[in-house]
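Asks: Chains as they are written, first to last, in UniProt numbering: chain A, 1 to 403; chain B, 1 to 547; chain C, 1 to 363.
Derived by calculation from the structure, the hints in this document are not laboratory data.
Just so you know, not all the hints are guaranteed correct.
Under the rule of at most 27 Å between Cα atoms (straight-line distance), these lysine-lysine pairs were calculated in the DSS-like manner [unchecked claim]:
#1 B:K539 <-> A:K173
#2 C:K168 <-> A:K369
#3 A:K369 <-> C:K188
#4 C:K218 <-> B:K536
#5 A:K369 <-> C:K37
#6 A:K335 <-> A:K283
#7 A:K258 <-> C:K168
#8 A:K91 <-> B:K539
#9 A:K239 <-> C:K215
#10 C:K37 <-> A:K285
#11 B:K539 <-> C:K188
#12 C:K39 <-> A:K371
#13 B:K536 <-> C:K215
#14 B:K377 <-> C:K168
#15 A:K226 <-> B:K536
#16 B:K539 <-> C:K214
#17 B:K539 <-> A:K94
#18 C:K218 <-> A:K371
#19 A:K64 <-> A:K12
One side of the interface only, derived from the structure: several residues of chain A facing chain B at Cβ under 10 Å [said to hold, decoys possible]:
#20 G115
#21 F119
#22 Q121
#23 H122
Quick reminder that beta carbons are idealized off the backbone N, C-alpha and C, glycines included.
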Amino acid sequence: MSWDKVKKRAPKFLIMLAVLVVITGCWSRREIEDLGMTIGAAVDIGEETKIEEAFEEQGGDYEKRNVLTLTYQVVLPGQSGGLAVTGGGRKNYKNISVTGDSFYEVTREIPLMRGRPIFGQHYKVIVISDKVAQQVSMKHLFDFFIREQEFRPSCLVLICKGEAKQALDHKDKSDFPSTRLLAMTNNQYRSSRILPPVSLSKLLPEINSSSTFLLQNVITADGEIKFAGAAVIYGKTGKLIGFLKEEELEAVNWLSGKVEGGVVKSYDEDTGQTIVYELTSLKTKIRPHLNKGRISFDIEMDSEGRLGERWNEGDDFDSHSMKQIEKNTIRQMSKRIDELLNKAQKEYRADVIGLSEYVRIYYPRTWEKIKSNWDDVFAEAEIRYQIKAKVKEFGTTSIKVQE
Amino acid sequence: MWNIIASHLPSWEVLFQALIVVAVPYLLSRMMSKTQYADHPPSKEESMEVTSQRDFTGKLNHDLEQVKNEFGQQADINIRSFCLGHSTQQAALLFVNGISDRELIDQHILKSLMCDLAYGDNHQAENVTYPITKQYLKDHVLAVGVIKEVDRVADVKTELLRGHAALMLDNSTSKVIILGTRKEITRSAGEPSSEILVRGPRMGFNESICDNTTLLRQHGEKADLTIVQIRVGERVEKELAIAYIKDVADEDLVQEVRNRIENITLDDIQDTGYIEQLIEDNFLSPFPQIQSTERLDRVVSALMEGRVAILLDGTPFVLTVPTTFNMLLQSPEDYYERWIPGTLVRILRYFAAFVSTFGPSLYISFISFHQGLIPTKLALSIADTRSGVPFPSLIEVLIMEVALEILREAGLRLPKPIGQTIGIVGGLVIGEAAVQAGIVSPLMVIVVAVTAISSFAIPQYNAGIALRILRFIAMFFAAIFGLYGVVLFFLLLCSHMAKLNSFGVPYISPAVPYRLQDWKDFIVRAPLKLMKRRPKMMKTNNPIRKE
Amino acid sequence: MKFNNQESLTTQQTVMIITNFILGIGILTLPRAAAEKVKTPDIWLSIIIGGLIAMLAGVVIVKLSQQFPKKTFYEYSQDILGKWLGCLLNLIVVGYFVAMSSVMLRAMAEVNILFLLEGTPRWAMIIAFMWVGFYLVIGGLSAITRLFQLIFPITVIIFFMIAGMSLKVFDINHLRPVLGLGLGPVLKGVQSTALSFGGFEIMLFLVAFMRDPKKANKAVLFGIGIPVIIYVTTALMVIGALSVDGVISLTWPTITLIKSIEFPGIFFERYESLLLVIWMMEIFTTFVITHYTAAMGFAQSFKKELRPFLYFLMPVIYIVALLPVDINELFALSNGVGNAGLVLFVFLPIVLLGIAKLRGGRT
């Protein structure tokens, strides 16, 4: 073929190529409505659902051990024919459970059952059952979720006491359970009993450095949920070793200074009446000391707040009375902190406050030596603390009953 | 060792793909090797010599016969034969009906030749000696502004056809007097309907080059405004003017414009659009590389920046070169309003240009490829509304965009009263029925509407068209590669613009090369007090605007 | 009027070319590569030191190039080393640029497959990318420069916008202590950080095109300084958000960081798309300039036209880009190219400068 012919045919060739690309192209195209938009997941101890059992009886079985049950919360797109009205504000979702011994494999079992495979880029929460966390190391548990690029690293991790599935199934259908859980973690400015949210990206360094950390605990009852304290994940094993109660969690937050707002209720020494101090800000200063190989900490907590509620007698305009309230509050906080420290150092022997960070910063060389058994060092460390509370104001009124 | 090498040896597939990699651009560049404006020296020798050489003899009858032959059967040539004054000296006045000013001919030329010469003022009539010479007529009788003499039949013909009258005398020299009796049918200079401003002069050009140059002289700088006249067109010659300000514009630029215009060889040039297409740097580019405008103020300000304007007889559209991309997104109003609104509006226009080019393609890439990147709630509601739509997003977008383009085109050509009907019908069909029928999703309609509105926000009509074309290409890129495709397209577009020049000025200046001085009039319109210099990219002779 | 395509470069344009060349894969991988070696939060110090070394090498290169005004490395290498040896060196340098440009392409394809286009074949992505690059490259150096200048502000604005967003998850404690374990670990990281400044070697060729070659020193300092700022910002935001322990185990730490930020309420919720967009643009710039420089190497060594070599290099680059079988091989290739660059452009110029001075002294 002569060059002229090539030249003449070039346009045809190019057009054909372009058509070819457009036709065979669009390799990765997937329409948004054809995706199983997944917004949450729960991990439980392996227990097959009835459907799964029925499937297996008919031969739908494959080689696996029933170690874990993974539940996905999938949003069902409305069938309303293009109009964005979902009946009566009810949110449509479906929880799909699959059982097996590999997260990846069971996830890929779902396409065998449903037209819309799991699409994980809108993950909001992962709820882990406490039983699983007790048995399986976090490192193994989260390998899949961190490795798989589809999942968002901003996804929130929670522990559920009891069956994790329950945490993703609510009676109240006005909101997706997953988004509700997410929304609840944003309430830190109203309560200091919520752990600062732990996302997958924050979990990763903790797992990598084998340090002890806390995860928010959720409890369920009759289709309702509540945040209740935190689960302690022990660094060395990566497994759950116990729980902190709400109030203990609050004390942890005070110590680590991660408070945006919350209340401290105390009782008046003389009358036993209720006094509520609302924290508006709390600043913590942590300073570790190294003395002859022994580590000790000085923690200063400087809080400001307002008088929230008061049942005992007293004149709010009198600063002496205010001092009294501050003292009460400090006593109450100290009591809680003592309880917490006792539990952390004696019972769990685990650094739930995250003091290791400060040793690493202030004594990097010592830290290199002790980091492998930091939790034991922590258990022996002396922790001194000091609390300051300041009532800045008492609201719009001070009720004065004329006698 | 061998195994390692073997496992790395490229397979036949890879080799084939490697061939494709080089073959396609090679063939493409072969096909399009002549996209740049080629600089060939002006070739003037041919063409001119072929015209008839018959000269006039000075015998009226014979000469008239020649002219009649030249015109053939055409009816609109008017020959008025008469005698000069009292004498019997024969003369003939030739003109073409309609395009000559009859009033001027009747009242001033014929009257003074026939009556005034005889009866007019006595003292003159006495002194007349017969036969009257041409010189005498020219000096004392013909009160007409433009007069010249030609001696070739072909020239007489062209002059007649341009509306001038020809006066022939019997027994005279062989030359014919051409009288400037051209009557122009002109519009009054009103506000141009294609570029409307809220504030600013309401003055636009009209179809007469005379009026237009007059306007320029009136409103532009008077002393240094140079207007060079060139005639273009092989068959239908037209008056063309190149205007520039002598001590501002770069001489090389003026010379280049002249060269390119003189290189044009075309029968008939109807509009400056022809010239634009014949002298632009790259005819394959979607971007207009030459600005055309009806607005006087636009041209004047371009001249002041050192640009060159090209005016053509018979069209109100004036070209200004060089043009850069940012000019297409500027409106004279930016300067008339205070600088803060001017700046904000400009930013808005750049944003609109972006949306109008990339809106639908981003929609496609997010809906069909990267559903994870949009907020969860939005993703859920889109999935909800799209669940009844049977098409992939590309088809969905194409349906709507094409429908919208047709609607726009239809509305443009229709008489005004019907145009509104189109708007209502189209709006209803597109906005309501298509969604109700489940052909498209409501979000899609919003996207299409927003891009359409954005494209109308671009002050230059032809720039808007360019961006609309690009929008479709971007959509295909997005349909193949998603966001990656959009980025590729963006890079391609940037590469194209980086390569494009308009008369030696980079098309993307003043964005690059960075010249802070020029950035005062780019996305930001700096306060006038700060804009003391003319654009540096124009390489002006006289860079300082004011002290 | 002469409409010349080949304008000479201003100092500021030279800075743009160097900066755009240097910025490349590093934005995404540098924090991990450095953290692996340093293991303390002082990575940013390693980066600064790496940058300083690169500046030093850049200055040497400039000195060398200034010895031969209006000549590129490809031309004067033959003056220094004689025809055959010079030609051989040129071929090695061309090979370096080809390998570098292949690494860019492949890394771009890998990241794309992982984060944007699962399932799209690599060849399609790479070929499309190469074609767009080729379209620019045939426009010559001035078109390339203009594009670089056009893209650079977009990159910087978006980059710092993203960096600003990451403040939301930023924790200063992750960056403390400074120099906790002394300078030792910092120096360990310098080698891997210095690698990511590969690109300043373009000065071997650019000085010849500069309008004012005397300012080449200034250009190289700024040209490396800007990437230093961007890399240090990247390291600070990544380490500050994910901590050293987290970063070590992430393949593409910067993307993971951006993925973990959510700003609900704005049209996008996640911004890794933006990061990937500017990153692809930076890869594009690096690819284009390496392709161009490699072709220039052939053209000037054999004193021929540039265009045929541009065509010739396309399949070569493509095949090399598809050579690595897996991602670890890609990283290995990338490191290999970086190390080769270290030898070629840090040590060799010193030797060449010495020879040139000696010869210059003799004649």
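Asks: Each hint should be assessed against the structure and marked as holding or not.
Replies: Structure-based check of all given hints:
no., hint, result
1, B:K539 <-> A:K173, "violated, 69 Å"
2, C:K168 <-> A:K369, "violated, 32 Å"
3, A:K369 <-> C:K188, "holds, 20 Å"
4, C:K218 <-> B:K536, "holds, 24 Å"
5, A:K369 <-> C:K37, "holds, 19 Å"
6, A:K335 <-> A:K283, "holds, 19 Å"
7, A:K258 <-> C:K168, "holds, 15 Å"
8, A:K91 <-> B:K539, "violated, 65 Å"
9, A:K239 <-> C:K215, "violated, 62 Å"
10, C:K37 <-> A:K285, "violated, 32 Å"
11, B:K539 <-> C:K188, "violated, 52 Å"
12, C:K39 <-> A:K371, "holds, 14 Å"
13, B:K536 <-> C:K215, "holds, 22 Å"
14, B:K377 <-> C:K168, "holds, 21 Å"
15, A:K226 <-> B:K536, "violated, 68 Å"
16, B:K539 <-> C:K214, "holds, 25 Å"
17, B:K539 <-> A:K94, "violated, 69 Å"
18, C:K218 <-> A:K371, "violated, 47 Å"
19, A:K64 <-> A:K12, "violated, 55 Å"
20, G115, "violated, 12 Å"
21, F119, "holds, 7 Å"
22, Q121, "holds, 3 Å"
23, H122, "holds, 5 Å"
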